[in-house]
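The chain contents come next:
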Amino acid sequence: MNPAQPIVHVSHLQKRFGEVQAVADVSFEVFPGEIFGLLGPNGAGKTTTIRMMLDIFRPDGGEVSLFGAAMTEAMKARIGYLPEERGLYKDLKLEPTLLYLAQLKGLGRAEAQRRLEQWLRRFDLYEHRTKKVKELSHGMQQKAQLIAALIHEPELLVIDEPFSGLDPVNTRLVKEIIKEQAEAGRAVIMSTHQLHQVEALCGRIALINAGRTVLYGELAEIKARFAGHAVEVEGEGDFGSLPGLRSARRENGTWHLYLEERTEPRELLRAIAARPDLQVRRFELAYPSLDDIFITVVSGQQEAAHD
Amino acid sequence: MTERGAIWTVARHEYGRTVRRKSFLFATFGIPLLYLAIFAIIIFFSARGSGMPLGYVDQAGIIPSPPEAPEQMQSYPLPRAFTDVEAGKAAVQQGEIVALYVLPQDYLSGGEVVLYVGAQSPTEGERAYFSEFLRVNLVASVEDAAVRARLLEGPHYITRTVGTGRLTGGIYTVRLVIAIGAAVLLYLLMMLSSGYLLQAVADEKENRTIEMLITSISPRALIVGKTLGLTGVALTQILIWSGAALLGLLYFLLRSPASPSLNLSLIPWGDLGLMLLFFIPTYLLGAAMMIAIGSVVDDRRQGQQFSSLFSLLFFAPLFFLTQIIADPNGTLAVGLSLFPTTAFLVLMIRRAMTAVPPWQLALAWGILLLTSGLMMVAAARLFRLWMLRYGHGFSLRRLRKLLRGGRYA
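Taken in order, these protein sequences are the chains called A and B.
Each residue of the first sequence is one higher than the one before, counting from 264 in this note's numbering.
Each residue of the second sequence is one higher than the one before, counting from 2 in this note's numbering.
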C-alpha cells in the first residue's frame, strides 16, 4: 500500500459511444514517483480511459480526480501527454512547433527556448530543428512529441506507446528518461503493447479488457499469482526423467518442468542432487512472463464470452 | 497559463503561421499584380491610339471649320476633314488615317454614321474620342456657354423621399457605390477569415494536433484565439489589397481629368456605424459556421465543399441585386433583410436607395443577433463533440445520434 496521496484516482469509469460501450468499469490509482502500466488489447478502452482522465471526453459514469481534485484548466500545465497518434503541425519547422506547444503549457518564451535546446540536444534533434516536421523520420517525430510532453516538467506524465518507431538506441534513451521522471517524484502512466518494456519499467499495472479492469496491482504479486507449479532448470542431463513431474519440455537449452500436485520444488532439487548423471547450473521457480499473463487473461475472457 | 494568455498565444501562432504560407503570399501580392497586369493589357489595347488621326466627311454640314477640339482626351490628334468620301477612303487605304466617318445629309434626323475601316479598326479610345468630338462640335453653335456646358454634362438628379426627406439617387448614387464597396470589403474579410478558420480547424483535426492542444488549453481559448489570429490575417490581406486599389485609384484620378472629384461630404458616415452594428454579428455567424464545419469534417477538402455551400447563404443578395435596387421596399428585399445571413448586405443596399423602416432594422438586428449567438453555441458544442472523431465522416444521422446522446464529450 502506497502511503502517499494518489496523483490520479480513477473510479468505476464508464463511457459509451452510440451502441458501443467503450469503457464499462475501469478503476485504478497512480502515485507520485511510480511508473504505472496501463495495458490491454486493441480496443480495450485504454485510450478512451486516458482521454476521460485528461478531460478530453467526459465520462458517462464514475469519477476522475487528479492531484486530489476534479480536473481544472490550471491543472493542464501540470500534465504532460504523449498521444498515441502523433499530433504535430506537419508543415511547420520543428523548433517553432515545440516552442508554441511549450508556451501553451505556460512557459515563457526564453525559458522554453533554453529548455528546448537541452532536450533537442539530448534527443539528437538539434541539427534538425530548422526542418519541417514532415521532413523528419518516424522516430524523430516520436522524439519531438516526447519533448512536447516533457518540456514543462509535468508532475504527471501520460505516455501512450512511447517506443513507437524508435530504434534500440533511442528506446534505451527513452527508458532512461522515463526512469528519471519517476525518480524525480513524478507519476508516469505508460500505455504500451511492448510488454517486456512494462516488465522492465513498471512497478504496478492495470490490465483493461473489454472496457473493464481485469488485473490491477503490483506486477510481482500478479506474476506470483499466475506462477504455475513449475520450475526452470539449466544444466546437463535428461531432467525429464525425474520423478514427480506432470510434464517436461526443453526449449533453448532450458528445461521447463511441470510438477505434480504433491511434488514440492525442494524435493525435486534433492532428487536432482542425488542423481550423478544430472549437472545443474540454474534452478528457479518459473514465473510466467507478462506476455503469458496477458494472453491467458485476455483469451480466457474471450473464450468465456463466446461460451 | 491564463485564458487570456492562451488566447493571445494561439492568435499570434495562427497569424504567424498563416502569413508565412506561400499560398497566402501568392494570394496577397499575386492577385493585385494579376489585376494590374490585366488592366494594363486592357488599357494598352483599348485606349491606346495608333497615333494616326481619324478622318470624316461632313455631308450634313454640322461641323464648323475649323472644328472645335474636345477639352478632354487631348492626346488624340484632331480628325482630318475630307470633302468627298472617295478621297477619305483612299487616305484609309494609304494608311494616312485610321478610319473614315461619314456623316450623311440626314444625320440630324437619322443619327446614322457610316464608318469605313482599312486593315485595322479604331480602338475603343479612338471611337470614344470621335463621339466626344462630334458632341462638342454639335453644340458649338449654341451661343450661351452655360447652356452649352449643360448640354454636354447632362443633368444631376437629386431625389428626396416624401416622408423623410432623405436624399437618394442621382449624385447620391455615390452612397450606394460606397455602401456596396464597404459591404463587399467587409464580406471579403468575413469570407477570408472564415475560410482560414475552417482550414485551421480541419487541419488540426486532420494532423491530430487537436489532442495536444486541448490537453494544454481550453477549447474556448483555442477557438477564440484562432478567430482573432485569422481575422488579423484577413485584415492584413484586405489592407494590402485596399492599399493597392487606392494607389490605382489615385493614379487614375491624377492621370484622367475626366474622372469625378471626390467629395467626402457624400460619404454616409452615419451608415458606417449601423454597418458595423450589423457586421459584427454577421461576421461571428460566418466564423461559427466555419468552426462547425471544420469540426465535423475529416479533412480540408471535405470542409471546402461544405463551406462553399454555406457561403452562398451570405452572397445570395448579389444574385438579386437588380430586383433589390428596382424595388428596395418589395417583398424580396424585406424578406432578405430579415434573413440573418443576407440581412447585412441587403440592408446596406436598401439604405442607399430608400428609407428603411426602423422596425425592420430592429427586427433584422434582433434575428441576426439571436442566430449568431445560437450558431456560436452550436459550433462550440460540435467542436467538442466531434474533435476526436477521426474517420467518422459527417452525416446528419450521426449528428442527430450524437446530439441525442448529450454527454458524449
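Calculated from the structure, these hints are not laboratory results.
The structure presented is a predicted model; accordingly, all values stated were derived computationally and were not measured.
Ideal placement from N, C-alpha and C gives every residue a C-beta, glycine not left out.
Check the hints yourself; a few may be wrong.
Said to hold, decoys possible - Partial list, computed: chain B residues near chain A (C-beta under 7 Å):
hint	residue
1	Q60
2	T124
3	T216
Claimed, not checked - Listed below are the simulated BS3-like cross-link pairs for lysine-lysine, each with C-alpha atoms no more than 30 Å apart in a straight line:
hint	chain 1	residue 1	chain 2	residue 2
4	A	K353	B	K90
5	A	K395	A	K438
6	A	K353	A	K397
7	B	K23	A	K397
Results for each hint:
Checking Q60 of chain B against chain A: minimum C-beta separation of about 72 Å lies over 7 Å; hint violated. Nearest Cβ of chain A to the Cβ of T124 of chain B: about 48 Å, over the 7 Å cut. The hint is violated. At a threshold of 7 Å, the smallest CB-CB gap from T216 of chain B to chain A is about 5 Å, leaving the interface hint in force. Using a Cα cut-off of 30 Å, the hinted pair K353 of chain A and K90 of chain B is violated, with the two alpha carbons roughly 70 Å apart.
For a cut-off of 30 Å, the pair hint linking K395 of chain A to K438 of chain A stands: about 26 Å separates their Cα positions. A C-alpha spacing of about 5 Å is found between K353 of chain A and K397 of chain A, which places the hinted pair at or below 30 Å, so the restraint holds. Restraint check for K23 of chain B and K397 of chain A: satisfied, since their Cα atoms lie roughly 17 Å apart, inside the 30 Å limit.
Of the numbered hints stated above, those contradicted by the structure are hints 1, 2, 4, listed in ascending order.
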